[in-house]
Amino acid sequence: MNIVVPVKLVPDLVEELEIDDGGTALDTTWLRFILNEVDEHALEQALLLKESLSGTVSVISLDGEGVDDVLFASSAKGVDRLIKLTGVDYGVNVNNHAMARFYATTVRILEPDLVLVGVQAHNDLDGSLGPLLAEYVGMPYVGYVSGIAPINGRCRVRKEYPGGLIAEMDVEMPAVLGVQAAESPPRYVAISRIRQAMKTAAVDEQAAPDLDTTGGPMVDSMFKPETAERATMITGDEDEVAGRIVDLLRELGKA
Amino acid sequence: MMAAPAMEAADAAGFTDSFSLSLEEVEEGRRIRACLQCAACSGICPFGYLMDFPPHKMISAMRAGMFEKVMGVDSLWLCVSCYACAQICPAQIPLTNGLMTRAKEEMLLTGSIPAELQEALENSQRYGNALGEPPRRRADWAMDIEPAVPILSKIKRPVEVLWFVGDYASYHPRGRQASQALARVLNRLDVDYGILGPEENSDGDSQRLAGETGLFEMLAEKNARAFGKYEFEEILTTDPHAFNALKNEYPALGISYPVAHYSQFLAGRLDRLQPLLTREIPARVAFHDPCYLGRANGIYEDPRRLLTAVPGVELVEMLHTRETSICCGGGGGGMWLDGFRWEKAHFRLSEIRVQEAIDVRADILAVTCPYEMPRFEDATKTVTGAKHLVVKDIAELLVDSLIEQG
Numbered sequence: 001m002n003i004v005v006p007v008k009l010v011p012d013l014v015e016e017l018e019i020d021d022g023g024t025a026l027d028t029t030w031l032r033f034i035l036n037e038v039d040e041h042a043l044e045q046a047l048l049l050k051e052s053l054s055g056t057v058s059v060i061s062l063d064g065e066g067v068d069d070v071l072f073a074s075s076a077k078g079v080d081r082l083i084k085l086t087g088v089d090y091g092v093n094v095n096n097h098a099m100a101r102f103y104a105t106t107v108r109i110l111e112p113d114l115v116l117v118g119v120q121a122h123n124d125l126d127g128s129l130g131p132l133l134a135e136y137v138g139m140p141y142v143g144y145v146s147g148i149a150p151i152n153g154r155c156r157v158r159k160e161y162p163g164g165l166i167a168e169m170d171v172e173m174p175a176v177l178g179v180q181a182a183e184s185p186p187r188y189v190a191i192s193r194i195r196q197a198m199k200t201a202a203v204d205e206q207a208a209p210d211l212d213t214t215g216g217p218m219v220d221s222m223f224k225p226e227t228a229e230r231a232t233m234i235t236g237d238e239d240e241v242a243g244r245i246v247d248l249l250r251e252l253g254k255a
Numbered sequence: 001m002m003a004a005p006a007m008e009a010a011d012a013a014g015f016t017d018s019f020s021l022s023l024e025e026v027e028e029g030r031r032i033r034a035c036l037q038c039a040a041c042s043g044i045c046p047f048g049y050l051m052d053f054p055p056h057k058m059i060s061a062m063r064a065g066m067f068e069k070v071m072g073v074d075s076l077w078l079c080v081s082c083y084a085c086a087q088i089c090p091a092q093i094p095l096t097n098g099l100m101t102r103a104k105e106e107m108l109l110t111g112s113i114p115a116e117l118q119e120a121l122e123n124s125q126r127y128g129n130a131l132g133e134p135p136r137r138r139a140d141w142a143m144d145i146e147p148a149v150p151i152l153s154k155i156k157r158p159v160e161v162l163w164f165v166g167d168y169a170s171y172h173p174r175g176r177q178a179s180q181a182l183a184r185v186l187n188r189l190d191v192d193y194g195i196l197g198p199e200e201n202s203d204g205d206s207q208r209l210a211g212e213t214g215l216f217e218m219l220a221e222k223n224a225r226a227f228g229k230y231e232f233e234e235i236l237t238t239d240p241h242a243f244n245a246l247k248n249e250y251p252a253l254g255i256s257y258p259v260a261h262y263s264q265f266l267a268g269r270l271d272r273l274q275p276l277l278t279r280e281i282p283a284r285v286a287f288h289d290p291c292y293l294g295r296a297n298g299i300y301e302d303p304r305r306l307l308t309a310v311p312g313v314e315l316v317e318m319l320h321t322r323e324t325s326i327c328c329g330g331g332g333g334g335m336w337l338d339g340f341r342w343e344k345a346h347f348r349l350s351e352i353r354v355q356e357a358i359d360v361r362a363d364i365l366a367v368t369c370p371y372e373m374p375r376f377e378d379a380t381k382t383v384t385g386a387k388h389l390v391v392k393d394i395a396e397l398l399v400d401s402l403i404e405q406g
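Residue numbers (my numbering), protein chains in the order written: chain A, 1 to 255; chain B, 1 to 406.
What the hints contain is simulated information worked out from the structure, not anything from laboratory work.
For each residue, glycine too, the CB sits at the ideal point set by N, CA and C.
Watch out, some of these pointers could steer you wrong.
Listed next, with one range per pair, are the computed distances between beta-carbon atoms [unchecked claim]: (1) Asp204(A) to Lys222(B): 21 to 31 Å; (2) Thr384(B) to Gln196(A): 45 to 55 Å; (3) Gln196(A) to Leu189(B): 21 to 31 Å; (4) Pro251(B) to Trp30(A): 28 to 38 Å; (5) Leu17(A) to Pro90(B): 52 to 62 Å; (6) Gln274(B) to Gly22(A): 56 to 66 Å; (7) Met222(A) to Glu116(B): 30 to 40 Å; (8) Thr382(B) to Asp80(A): 47 to 57 Å; (9) Ser75(B) to Ala242(A): 48 to 58 Å; (10) Thr384(B) to Met222(A): 48 to 58 Å; (11) Asp190(B) to Glu18(A): 54 to 64 Å; (12) Asn123(A) to Glu116(B): 22 to 32 Å.
Using the sequences and the hints given, assemble the complete structure.
Okay, here's the thing in structure tokens:
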């Protein structure tokens, strides 16, 4: 079972976000990039499959600050191959269409059985990465997956639907799966192991193809949420308050 | 000794032998061979009776070549690294720094750790603080202090004292109040000090004692780079854990500066501080000796000297005091294992201390470690008859006594 995990680094929301002077994008001066949270699950699921079925796991990332840390941590967890696409950075305005095109080129060469991606990211403006990538590499896609069991060249996946419904479905391999949750929480890897990986693991640096962002949206303006009208506190004794609420419900019900 | 023949089975697994050898690399680690199996360590351990393998049984399992059994259970995470075992051991085995910490490290290397601890360690790695707070806001606690708390990257001049504030004293709401109090005391004494602000990282000592040696080294190196940028004569710490790290652990990494806990620092300036303490605080005050000021570093008098310098304070001693003080429960990663510990124990160590404070009819429980305030304040809400007990950092009590001078 050969698995490829194309990852996405996203702005860390622990630090306050700022809009740049152009008013159409985030100011990257203070931005810290971290691995998308559900990508941690995609990676964990890949490692669990490798451990139960043998095979290899490859991680692909674009370039940028924090990428080497993510790659070495992946290696320390058991990832076999680290691929970094150089010449394109998460800090610049790469949309998911462009990212999917970059990853499609590498995925075609690697010919994996499965491609596992995080099902979504908080900065997906043009759809999530998985379906776009599946389209470009001509593979089926199932998203919101929380369980994967390969059976006779196919893959039985558990897909979560809203409202507490879960479906089990078989997917032809190779396939792209958007992982919602791994079957066990992402593992901890000790810093000493990561530091060891920094010394021993090799990062395969490949030049990224030309940037092609077609298909994505044009951002006209980006701004922080504006304060809505403040709530009005209804004061008075119980009867007054209850009466006012009844009046309000009547008024709002008509509109 | 009898250890050798039984090792063979475990050696096949490649574990017990290498582990026991690694214990001897710790300072005085060879003493582990002199274990008498007297079980004093397990008796004094505040959680010993709940552990499948308390310290003396860990050693006997190791001698029997069965250490993998110790690694097969999770009760090691009950250890609060409080030094009670190491202090009572008649063979003077470095149980806390050696056996317990090394065993946690082995657990951690296998990836087998409680989820809440994992989050704190990942936060420490990513943000330089275990709470997962934004590094850029590390000095926000100081914003309203007048005169302003100097941040070294802004003032660009040498200072006498680098104040290493620490995680909980920078971010935790109660810790921040105590930091504000300490800043006011330092200002009143005209101390020439500065803080690192966003350049400061967690001291890493509790992460080390939770078994994350690599993370400890990484954090120490980051702090060393920040120290190296500025000129100062000594380091002052709010947190006894930071004091312990800087005094006893950083030097082995080539990071060596004179360091004082703030209680030592202020006690050394009592001749100037005492005349300023004019407002009376008529209260019975019990002092909780923090593990890493007391047992680990032998500092018992300085905090008491500060407390008795406050007019009106009547210092009372709890049942467990000085060397026998009981951990607040926050050490050795305990700050990040509350859920796990509650599941195992169904009580909190902080509740024992709050009960002891009530037993001696204390009005105030004085503390001098940022882990303790939230832990003891929580316990005053659950221990019967503890609602009146006020938990205060020594720096807060000093400011209360200073306050009328404005």
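Comparing the hints with the structure gives:
For the hinted restraint 21 to 31 Å between aspartate 204(A) and lysine 222(B), the CB-CB distance of approximately 29 Å keeps it satisfied. At about 52 Å, the beta-carbon gap between threonine 384(B) and glutamine 196(A) stays in the expected band of 45 to 55 Å. Evaluation of the 21 to 31 Å hint for glutamine 196(A) and leucine 189(B) yields a failure: the beta carbon distance comes to about 47 Å. Hint check: proline 251(B) to tryptophan 30(A), Cβ distance near 34 Å, so the stated range 28 to 38 Å holds.
Distance hint check: the CB atoms of leucine 17(A) and proline 90(B) are about 58 Å apart, consistent with the given range 52 to 62 Å. About 59 Å separates the C-beta atoms of glutamine 274(B) and glycine 22(A), a value consistent with the hinted range of 56 to 66 Å. Checking the proposed 30 to 40 Å range against methionine 222(A) and glutamate 116(B) shows it holds: the Cβ atoms sit about 36 Å from each other. Separated by about 50 Å at the C-beta atoms, threonine 382(B) and aspartate 80(A) satisfy the suggested range of 47 to 57 Å.
Take serine 75(B) and alanine 242(A): their Cβ atoms lie about 56 Å apart, and the range 48 to 58 Å holds. A hinted range of 48 to 58 Å for the beta carbons of threonine 384(B) and methionine 222(A) is consistent with their spacing of about 55 Å. Between aspartate 190(B) and glutamate 18(A), the C-beta spacing of about 38 Å breaks the proposed range 54 to 64 Å. Hint check: asparagine 123(A) to glutamate 116(B), Cβ distance near 28 Å, so the stated range 22 to 32 Å holds.
Of the hints listed earlier, those the structure fails to meet are numbers 3 and 11, in rising order.
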